[in-house]
Amino acid sequence: MSVEIEMEDGGGLATEEMTLNMGPQHPSTHGVLRFIVKADGEVMRKATPDIGYLHRSIEKIAEKVGWHGFMPYTDRVDYVAAMACNQGWAMCGEALGGIEVPRRGEYCRVIAAELSRICSHLLAIGATGMDIGAVTPFTHALREREMINDLIEELCGARLTYNYMRIGGVAWDLPPGFRKRVTTYLDHLEPTIHEINDLLSYGKIYAERLGSVAVISPEMAIGYGLVGPNLRASGVKYDLRKDRPYSVYGDFDFDVPVGHGEMGAVGDCWDRYMMRIWEILESAKILRQACEKLPDGPVIAKVPRNFKPPAGDVHVRVEAARGDMSWYCVSDGSEYPYRLHVRTGSFSAMSIIEELSEGLMIADLVALIATFDIVAPEVDR
Amino acid sequence: MQQFIDGLIGSATGMERELYYFAGMLAFGALVVFGFILPLAGITSWLERRVWARMQSRIGPNRVGPFGVLQWLADGLKNLLKEDVIPTAVDARLFRLAPYVVVVGFVAAWVAIPFGSSLIIADLNIGILYVTAVTSLVVVGILMAGWSSNNKWSMLGGIRSATQIVSYEIPAALAIFPAVLLSGTLSMQGLIEAQGWQPWSWHMFHSPFTFFAFLLFFTSLLAEGNRTPFDLPEAESELVAGFATEYSGMRSLLFFLAEWGNLYVIGAVVTTTYMGGWQVPHFTDNTVLLNAAQLATFFLKSYFWVFVAMWIRATLPRVRVDQLMSLCWKYMVPLGLVTVLGTAVTMVAAPEGMPTLRYLTFGAVMLVVLQFFRRVVFHLRRARGLGWTMAG
Chain A
5 MSVEIEMEDG GGLATEEMTL NMGPQHPSTH GVLRFIVKAD GEVMRKATPD IGYLHRSIEK
65 IAEKVGWHGF MPYTDRVDYV AAMACNQGWA MCGEALGGIE VPRRGEYCRV IAAELSRICS
125 HLLAIGATGM DIGAVTPFTH ALREREMIND LIEELCGARL TYNYMRIGGV AWDLPPGFRK
185 RVTTYLDHLE PTIHEINDLL SYGKIYAERL GSVAVISPEM AIGYGLVGPN LRASGVKYDL
245 RKDRPYSVYG DFDFDVPVGH GEMGAVGDCW DRYMMRIWEI LESAKILRQA CEKLPDGPVI
305 AKVPRNFKPP AGDVHVRVEA ARGDMSWYCV SDGSEYPYRL HVRTGSFSAM SIIEELSEGL
365 MIADLVALIA TFDIVAPEVD R
Chain B
41 MQQFIDGLIG SATGMERELY YFAGMLAFGA LVVFGFILPL AGITSWLERR VWARMQSRIG
101 PNRVGPFGVL QWLADGLKNL LKEDVIPTAV DARLFRLAPY VVVVGFVAAW VAIPFGSSLI
161 IADLNIGILY VTAVTSLVVV GILMAGWSSN NKWSMLGGIR SATQIVSYEI PAALAIFPAV
221 LLSGTLSMQG LIEAQGWQPW SWHMFHSPFT FFAFLLFFTS LLAEGNRTPF DLPEAESELV
281 AGFATEYSGM RSLLFFLAEW GNLYVIGAVV TTTYMGGWQV PHFTDNTVLL NAAQLATFFL
341 KSYFWVFVAM WIRATLPRVR VDQLMSLCWK YMVPLGLVTV LGTAVTMVAA PEGMPTLRYL
401 TFGAVMLVVL QFFRRVVFHL RRARGLGWTM AG
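Protein chains in written order, with the working numbering: chain A, 5 to 385; chain B, 41 to 432.
Keep in mind that the hints are not guaranteed to be accurate.
Unchecked claim - If you anchor each label on the Cβ, the simulated ranges turn out as follows:
no., chain 1, residue 1, chain 2, residue 2, range
1, B, Val125, A, Val69, 41 to 49 Å
2, B, Phe323, A, Tyr206, 45 to 53 Å
3, B, Asn102, A, Asp202, 56 to 64 Å
4, A, Glu150, B, Arg103, 18 to 26 Å
Claimed, not checked - Below, computed lysine-lysine pairings styled on DSBU-like, alpha-carbon distance capped at 30 Å:
no., chain 1, residue 1, chain 2, residue 2
5, A, Lys42, B, Lys192
6, A, Lys64, A, Lys306
7, A, Lys208, B, Lys370
8, A, Lys50, B, Lys192
9, B, Lys118, B, Lys192
10, A, Lys246, A, Lys208
11, A, Lys246, A, Lys297
12, A, Lys306, A, Lys246
13, A, Lys42, A, Lys184
Calculated directly from the structure, the hints in this document are not laboratory data.
From the three backbone atoms N, C-alpha and C, an ideal C-beta is built for every residue, glycine too.
Could you put together the complete structure from these sequences and hints?
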């Protein structure tokens, strides 16, 4: 004899969708970011990102402060990895004004940018661990990050908002003994990364929490315009440093790691998290080569103080820590840029969350945001 | 206790006697709670912060008193002086009541904790059942707090806590059974008296089954005490502060007090059931001296498990709700049944006990511990090789 049980939605009980307001002040939205979560208990129906809480009109400010004066503002676009933003703006000016950067300047830029990429990825690793509930890796990651901050402080006097690059090169040459200190630091960092792997990445609970969660297929990733590590985690081997080499990235021998679904499916949260670990090791390779090959010469080209690039527009792309950062700049030949637009990695990651969130649990949304490595000011600029 | 107070009351009779009795009990209760339980919970909080800091390359609280050991007192005073904020939208009566329910739940458990052969407030004949029963009273308070806060995050935290504690009661209770079977009693003192002071005569080494029962017991107690990796009810990165989101000042502190106090209760209960409790070699006939040694032993053992819980908290990430539930129902409950049956079978097979099995289990566990320390030494050596300074 069989008994047929009629299962309605919710087992016959009246259920109600609950609207949760996650943010703008929430510990794991990585800044001032808001999600409107429609949830059925712990399971989400939909999470809609609501952006704009950190909009500071950075693009508009560019139209008022002039070409050189805008450089410190670019630090605030993505303050976790500010070197890439510096580089994007400097390259805009150089492309418009037809300025050739001295080779040593380019090498200094690469060293600075890769150091700041490691810095940013270390924070991402620690913060992901923190959001999953492991607190210790965060302090360990920050400890390593502090050492890079010390190095960068030597380089440009600042620890967070660097303001190191200039249109035409970099502001200061490497301090004496800097290359030696960078390689010593890398000797220390690489085993430490393996230690973080032992402690966190390959831990059973951690892999269970992140593996096969919020899987993004390559088609979907390309369709939504994901960039950088988030795109590569889905198995798409696309890195601007390799595919459209700018600066002197063509000189270096490094790999572009992609996600391969070790703990579940390709493009899951674990792959996205591991991208940061792998990229740190690749950045370390680039840094070692750059320190070795560093040429002599000046670090900055002659650029007039009253810089007035000829009228025209330019589209510059740099591989920032959060992926392809596009700078579109229009000049009308005056001492102020006519219009600037920046498109950043975190911004393009926001649009995919609404589709991905269906059926995830609230704890998974936290993991998703963390592994996208979203920096809220970069979303809004 | 009863006789002690009776002696104090002396000749009083009737209604008067009842009144004296009640007042005496109240005074004694207050003495125990404020003079012993709260400071112990406070010191556990200090210890957790220090241990945690050490594991994270930080220093931790070190300003108030020697090594910052009085930090809990400073924090408590600060929180007492803070404004007692009760948001307008909350159900004020339940909101006020909830922290007290939680604290009562955890304080009541101390009645049956045996610190020494004569250091127990009441040796109930159902001691271990009583402890499991009153500690789950905490869930009522947490659910109350979550519901009355009128905040969705709090409610999620409260509901998570209710599901978790109610579910993990079952493996916890199942894992107590082997020890109860071996001792033939539910009384806390009886459980300890059935074990000896030598490590291999502890219940946890009786057979492999009891050892797994012990592991299950500790794990499910961690879940009941809302500790990492099962700290979902107040998962900071998900639910802000869980059920305690709307609380501030002393009321919020009471929740944390209960959590740290419960942490000690976890250690004490594990020590009692599986680790020989206060058992020491009978080295003297002086009762006071013997009880002091027993107290020290009990504290050492229970704080060892408290330390392990802190260590786990500093190491492991948090599991997800569905993983938590599947761990409980798919793995821990069946395993708990297996340990109960296995212990029963070994007891039937060898009613006089099997010394060989006991020594084998003890040896195997010691080998695992040895291997663990070898790994620790290996990692320490490797980490030392990574020394790096800016001067380099």
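Inset, instruction - Please flag the earlier hints that this structure goes against, numbers listed from lowest up. - result: 3, 10 and 13
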